[in-house]
Amino acid sequence: MFLGPLAVATGGEGHDDDMETSADGSDPSGFGQPAMSSAVSGDGSPLAICRLAVQALDVTGAGISVITEAGHRGSVCATDDVAAVIEEMQFSLGEGPCVDAFHHGPMLIGDLSDAAQVAASRWPQFTREAAAAGARALFALPLEIGAIRVGALDLYRDRPGVLTAGQLSVALTFADAAAGALLDDQFAEAEMPSDVAVPGSTVYAEVHQATGMISVQLDVGLDDAFVRLRARAFAAERPVHELARDVVARRLRFDDEDRDDR
Amino acid sequence: MTNAGDRTSIDPSPTAPKTRERRLAEVFVLLADTLVADFDVVDVLDQLVQACVDPLGSTAAGLLLDDQRGHLTVMASSADSSRLVELFQVQNQQGPCLDCYRTGQPVTVPDLTAATDRWPLFAPVAIEHGFQSVHALPLRLRDDTIGALNLFHDASTPLDDDDLRIAQALADTATIGILQQRALNASSVLSEQLQTALNSRIAIEQAKGVLAAAGNIGMDRAFELLRRHARNNNLRISDLARQVATRSLDIDVVLGRDS
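Protein sequence lines correspond, in order, to chains A and B.
Just so we're aligned, residue 1 is where the first sequence starts under the numbering used here, counting upward by one.
Just so we're aligned, residue 263 is where the second sequence starts under the numbering used here, counting upward by one.
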């Protein structure tokens with residue numbers, strides 16, 4: 001019943017053989033976000049998500065960077081050389097839209113060669129060099145789930161043009177998927193289905209409330225707590241929001257046993 | 263203040279309608295105050311739903327916003343009952359708030375018991391939670407509808423036209439609140455603004471969870487403490503929520519316990 005598993009890019013554990021993939025993208029599991037299901041089927045890795053984003057959004061390339069509050073950063077993947085340059089350059093210059101998106105929310109620049117837009121941007125040197133590398137429009141989206149912030153998704157075009165409202169909406173959904181994929185890279189040991197990886201459920205306040213509760217119960221970070229909640233739901237074959245409801249209602253508690261139980 | 267004096271003398275009886283007008287004026291003053299400063303959209307919407315209940319004679323109010331991914335999400339609610347009813351609508355894709363959002367037109371349901379044909383899932387649940395009538399007002403921006411303000415009543419006493427105009431003005435104020443923050447940052451667009459507000463809402467839920475587990479209290483109480491600490495310390499509730507959620511400040515202070 002689950003969609004393609006979320007292959008962990010850094011993995012090597014190789015759970016591939018017992019994975020079940022469904023090509024039709026149907027989502028009978030009740031996790032919601034049917035529109036996303038087909039989008040993240042495939043291996044669900046950050047790179048796969050970037051490739052799908054490129055196809056779906058009429059952009060030229062995409063890349064993902066990990067950013068932490070402590071400032072530790074690194075490029076995770078890029079779909080082409082220009083996207084790779086965009087990622088790397090932001091770190092070497094210490095400025096750029098993906099860093100700002102991480103701290104301040106989405107950054108959308110429809111025309112990097114527009115003098116006014118360049119002047120208004122906070123990254124004059126980055127903008128000049130990105131344009132020289134071949135980018136004409138750039139869209140940076142934070143990878144975040146509330147107070148959990150993991151990085152940024154950069155999308156670029158080799159021609160000017162803004163994202164339409166519909167494209168932005170799809171881009172945000174890809175950002176949700178990428179946030180889940182990065183978190184699993186960092187915390188999950190077992191493979192998870194990509195539809196579980198999609199937070200998608202801003203509808204379900206309980207998922208986020210339970211994440212906060214679990215982080216206190218286990219004395220771990222929110223990010224870790226979020227992944228454990230989903231891992232446990234996956235293991236129990238229950239929708240995440242149902243399990244979250246049990247946590248909020250105090251019918252279920254994560255305790256020391258769960259430290260080794262994921 | 264001669265004006266105030268004149269008005270008092272013209273209207274000798276401090277009757278209910280006048281009291282109500284005053285309370286309404288206070289709501290708009292409150293919102294205007296909030297909107298001129300460096301404000302937090304989540305905070306404004308929260309204050310709006312809390313403040314509009316009383317002067318409109320409603321039992322509860324709630325506000326839904328487009329989550330930019332094809333769904334509505336509950337951004338603010340004055341009571342647990344209205345929050346549950348709105349979540350039910352969102353999850354079952356049925357109800358007056360959904361219809362209002364889809365059509366961009368106000369939806370008035372004077373008597374929910376007569377609406378079970380139209381919303382077979384929603385109407386019984388709303389009644390079960392103590393509501394008899396519902397009004398849904400669109401948050402509209404030119405051709406786009408970005409959400410809905412919903413007013414729930416425990417009696418089948420629908421709002422009259424004047425009340426509805428006021429309610430729509432409140433909904434418009436909420437829209438302006440969301441848009442004005444956009445104006446503060448020239449490079450951003452409405453969608454970015456909504457996205458930031460939605461993410462703040464998630465951080466607030468995470469912070470509520472942290473406080474609930476750490477203080478062994480309910481979610482409503484956790485939110486109250488969060489809101490109170492933000493107000494008392496002149497913090498944006500979103501910023502405070504992030505600090506609480508990541509436990510980068512002393513949770514005991516927010517819980518009112520000595521550490």
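Please keep in mind that the hints were generated in silico from the structure rather than gathered at the bench.
Please note: incorrect hints may appear among the correct ones.
[To be verified] The calculated label-pair distances, taken between Cβ atoms and stated as ranges, are:
id, chain 1, residue 1, chain 2, residue 2, range
1, A, Ala-132, B, Gln-353, 31 to 39 Å
2, B, Thr-378, A, His-104, 46 to 54 Å
3, B, Ile-479, A, Glu-69, 34 to 42 Å
4, A, Ala-249, B, Asn-495, 27 to 35 Å
5, B, Asn-494, A, Gly-74, 49 to 57 Å
6, B, Ile-438, A, Glu-69, 27 to 35 Å
Just so it is clear, the structure is predicted and the values come from calculations on it, not from any experiment.
The beta carbon of each residue, even a glycine, is placed where N, CA and C say it ideally should be.
Do the hints match the structure? See the list:
A hinted range of 31 to 39 Å for the beta carbons of A:Ala-132 and B:Gln-353 is inconsistent with their spacing of about 49 Å. Checking the proposed 46 to 54 Å range against B:Thr-378 and A:His-104 shows it holds: the Cβ atoms sit about 47 Å from each other. Distance hint check: the CB atoms of B:Ile-479 and A:Glu-69 are about 27 Å apart, inconsistent with the given range 34 to 42 Å. In this structure the supplied range 27 to 35 Å holds for A:Ala-249 paired with B:Asn-495, their Cβ-Cβ distance being about 31 Å.
A beta carbon spacing of about 40 Å between B:Asn-494 and A:Gly-74 contradicts the range 49 to 57 Å that was offered as a hint. At roughly 33 Å, the beta carbons of B:Ile-438 and A:Glu-69 sit within the given window of 27 to 35 Å.
When each numbered hint is compared with the structure, violations occur for hints 1, 3, 5.
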